[in-house]
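Colleague: Full structure from sequences and hints, please.
Order-wise, the sequence lines are chains A and B. In terms of our numbering, the first sequence opens at residue 1 and continues consecutively. In terms of our numbering, the second sequence opens at residue 1 and continues consecutively.
There could be a bad hint or two in this list.
Calculated pairs, DSS-like style, for lysine-lysine (alpha carbon to alpha carbon, straight line, at most 30 Å) [to be verified]:
(1) A/Lys8 / B/Lys263
(2) B/Lys150 / B/Lys135
(3) B/Lys68 / A/Lys2
(4) B/Lys193 / A/Lys8
(5) B/Lys192 / A/Lys8
(6) B/Lys135 / B/Lys192
(7) B/Lys193 / B/Lys263
(8) A/Lys2 / B/Lys192
(9) B/Lys192 / B/Lys280
(10) B/Lys159 / B/Lys193
(11) B/Lys200 / B/Lys135
(12) B/Lys159 / B/Lys200
(13) B/Lys67 / A/Lys163
(14) B/Lys263 / B/Lys280
(15) B/Lys67 / B/Lys135
(16) B/Lys193 / A/Lys2
(17) B/Lys193 / B/Lys135
(18) B/Lys135 / B/Lys68
(19) A/Lys154 / A/Lys144
(20) A/Lys163 / A/Lys144
(21) B/Lys68 / B/Lys150
(22) B/Lys159 / B/Lys67
(23) A/Lys163 / B/Lys135
Since the hints were made in silico from the structure, they are not lab data. All values reported here derive from a predicted model rather than from experimental measurement.
Now for the letters of each chain:
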Amino acid sequence: MKCQHCEKPATFHITELTGAEVDELHLCEEHARIYLTPADPQSESPASQTLAGALAQQLQLGQTAEDLARLDQQACPVCGITFYEFRNQGRLGCPHDYTCFEEELEPLVMNIHGATEHLGKRPRRSAAGSEQQTELIRLRREMKEAVDNEDYEKASQLRDLIKGLEEEISSQ
Amino acid sequence: MELEDLTGSSGEWLRGSGPESDIVISSRIRLARNLADFPFIRTATDHDRLAIEQTICERALADEHLKKSVLYLNVSELEFVDRQFLVERQLISREHAESQGARGVAIGSRETYSLMINEEDHLRIQVMNSGLDLKAAWNTVSDIDDAVEKHVTYAFHEKLGYLTACPTNVGTGMRVSVMLHLPALVITRQIKKVFRSLHKISLAVRGLYGEGSQAMGDFYQISNQITLGRSELDLINQVSDVVPVLIDYERRAREFLMRESQKDLHDRVSRAYGILSSAKTISSEETMHLLSSVRMGVNLGLIDNLQIPDVNKLFIHTQPAHLQKLRGEELDTADRNVERASYLRRYLRTSGGEDAAEQN
Numbered sequence: 001m002k003c004q005h006c007e008k009p010a011t012f013h014i015t016e017l018t019g020a021e022v023d024e025l026h027l028c029e030e031h032a033r034i035y036l037t038p039a040d041p042q043s044e045s046p047a048s049q050t051l052a053g054a055l056a057q058q059l060q061l062g063q064t065a066e067d068l069a070r071l072d073q074q075a076c077p078v079c080g081i082t083f084y085e086f087r088n089q090g091r092l093g094c095p096h097d098y099t100c101f102e103e104e105l106e107p108l109v110m111n112i113h114g115a116t117e118h119l120g121k122r123p124r125r126s127a128a129g130s131e132q133q134t135e136l137i138r139l140r141r142e143m144k145e146a147v148d149n150e151d152y153e154k155a156s157q158l159r160d161l162i163k164g165l166e167e168e169i170s171s172q
Numbered sequence: 001m002e003l004e005d006l007t008g009s010s011g012e013w014l015r016g017s018g019p020e021s022d023i024v025i026s027s028r029i030r031l032a033r034n035l036a037d038f039p040f041i042r043t044a045t046d047h048d049r050l051a052i053e054q055t056i057c058e059r060a061l062a063d064e065h066l067k068k069s070v071l072y073l074n075v076s077e078l079e080f081v082d083r084q085f086l087v088e089r090q091l092i093s094r095e096h097a098e099s100q101g102a103r104g105v106a107i108g109s110r111e112t113y114s115l116m117i118n119e120e121d122h123l124r125i126q127v128m129n130s131g132l133d134l135k136a137a138w139n140t141v142s143d144i145d146d147a148v149e150k151h152v153t154y155a156f157h158e159k160l161g162y163l164t165a166c167p168t169n170v171g172t173g174m175r176v177s178v179m180l181h182l183p184a185l186v187i188t189r190q191i192k193k194v195f196r197s198l199h200k201i202s203l204a205v206r207g208l209y210g211e212g213s214q215a216m217g218d219f220y221q222i223s224n225q226i227t228l229g230r231s232e233l234d235l236i237n238q239v240s241d242v243v244p245v246l247i248d249y250e251r252r253a254r255e256f257l258m259r260e261s262q263k264d265l266h267d268r269v270s271r272a273y274g275i276l277s278s279a280k281t282i283s284s285e286e287t288m289h290l291l292s293s294v295r296m297g298v299n300l301g302l303i304d305n306l307q308i309p310d311v312n313k314l315f316i317h318t319q320p321a322h323l324q325k326l327r328g329e330e331l332d333t334a335d336r337n338v339e340r341a342s343y344l345r346r347y348l349r350t351s352g353g354e355d356a357a358e359q360n
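Modeller: And the structure:
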């Protein structure tokens, strides 16, 4: 068999999988190499790149510098991270971020997954009590801050609150 | 069971059996989970990390389902070479090995599963099977997930599902990966085309050791990119529907090579075997590259004194940390290259693989 583009023997028989149709190509080594040299260098896209790409895209979409600055200042009342910190590091600070940055995250999640609603497995125990769990995250952070500020009175009050809440949760 | 007990074996995923195991090395499913009452890892304090580890160890790992034959390793206290060993074995991720602070891994019997604690998420449960067997992997991983969930409260959102530190994992928190050996698609230069079409259907392709790693030894991991909006079974089907197509392409490429250029192929395989069985010093990369040809040669009947489990064993035992663990001392790169060559010579020259293994 001859190459489709010249007189040399076809040593490469390529099956093209792109799109709905399957294409068969018969090429000599030289033409095969030309054909197979990738047009776009983006051949690998790990999850981190997906996130970075989605974030960059979202930022280009209709948000003015002012909006962005305001948005970046927003901090989660539970863990304290700002949206700016999330944008920089690509990792959220606590489960409550999904609620408090909901508006900003929704288009991002849509961009990554093409969907915004979970289908599939759910925990057997009800997630209804998770507000108490979220409260624990906030109290623990406040206690650490109180200790760091040497406000031991406040820290000890918080410690009692945490203990009470922990007991309440584990007795459920 | 102790860490040292793992050294001499190859682990479940390299057993070299199971459906389609000439091309499919392993099937793996991992679930990302977080406790509802702690911040995610990036904002967790040292105290939080310890408490997370303690909660999971004392409550979840004490479950009857998980108590049996679990080896728990405190990763933060392990030597570099031991952490590297676990990465090579795919029992922990590279990030888990290299990060700081309280963290650990629980390893199931025969290394069929591992639970990483304080990785990117509080808990990552992964199950590995040899060959193409995603449904079995799902059943196991889901059972472990249920067992853990009996004792802890997961961070779960009514609409978004399981909450994860990175929004790329939210929803099911599930990553399904199948590791394939595709040397003939590489030789016939079709591999990039195949990958581009996989990207179009939202599947990711990675090298042997996950994100950012090179596709050494022609090993490729195919996995789902999307984790939200589709059920676990849907996501599994998406991957398991495409794998037979890839297997078919690889087989056809092998047949093509055997038909059109068997002499060249046989020469390539024999030269690879020759170098591996006689070199005096050899790098890890060259070893992987040559073993890839040998592995294909064994599958095509061009080499008859080795079996696939032998080749799989050589792949893992010639990795830097495995080599040092087997030798029982730390070696620098140059010494490792000499040790690797000598290990390969011993193994391949006594050609009946099992006998050679016993001598080591």
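Colleague: What's the verdict on A/Lys154 and A/Lys144, does the C-alpha distance respect the 30 Å limit or exceed it?
Modeller: holds (10 Å)
Colleague: Would you mind confirming whether the straight-line C-alpha gap from B/Lys192 to A/Lys8 stays at or under 30 Å?
Modeller: OK: B/Lys192 and A/Lys8 at ~24 Å, within 30 Å.
Colleague: Is it true that the CA of B/Lys150 sits at most 30 Å from the CA of B/Lys135?
Modeller: holds (23 Å)
Colleague: Is it true that the CA of B/Lys193 sits at most 30 Å from the CA of B/Lys263?
Modeller: holds (26 Å)
Colleague: For the pair we were handed, B/Lys193 and B/Lys135, check the Cα-Cα distance against 30 Å.
Modeller: Measuring from Cα to Cα gives roughly 28 Å; hence the hint holds.
Colleague: Straight-line Cα separation of A/Lys163 and A/Lys144 no greater than 30 Å?
Modeller: holds (14 Å)
Colleague: Are the Cα positions of A/Lys8 and B/Lys263 separated by 30 Å at most?
Modeller: holds (20 Å)
Colleague: Between B/Lys159 and B/Lys200, does the CA-CA distance stay at or below 30 Å?
Modeller: Between B/Lys159 and B/Lys200 the Cα gap is close to 27 Å, so the pair holds against 30 Å.
Colleague: Is the hinted pair B/Lys68 and A/Lys2 satisfied, with a Cα-Cα distance of at most 30 Å?
Modeller: Distance ~63 Å between B/Lys68 and A/Lys2 Cα, so the pair is violated.
Colleague: For the pair supplied as a hint, B/Lys67 and A/Lys163, is the alpha-carbon distance within the 30 Å limit?
Modeller: It holds: about 29 Å lies between the C-alpha atoms, which stays within 30 Å.
Colleague: Holds or violated: B/Lys192 with B/Lys280, Cα cutoff 30 Å?
Modeller: violated (34 Å)
Colleague: Taking only the CA atoms, is the gap from B/Lys193 to A/Lys2 under or equal to 30 Å?
Modeller: holds (22 Å)
Violated hints, listed in ascending order, are 3, 9, 10, 22 and 23; each of the other numbered hints is respected by the structure.
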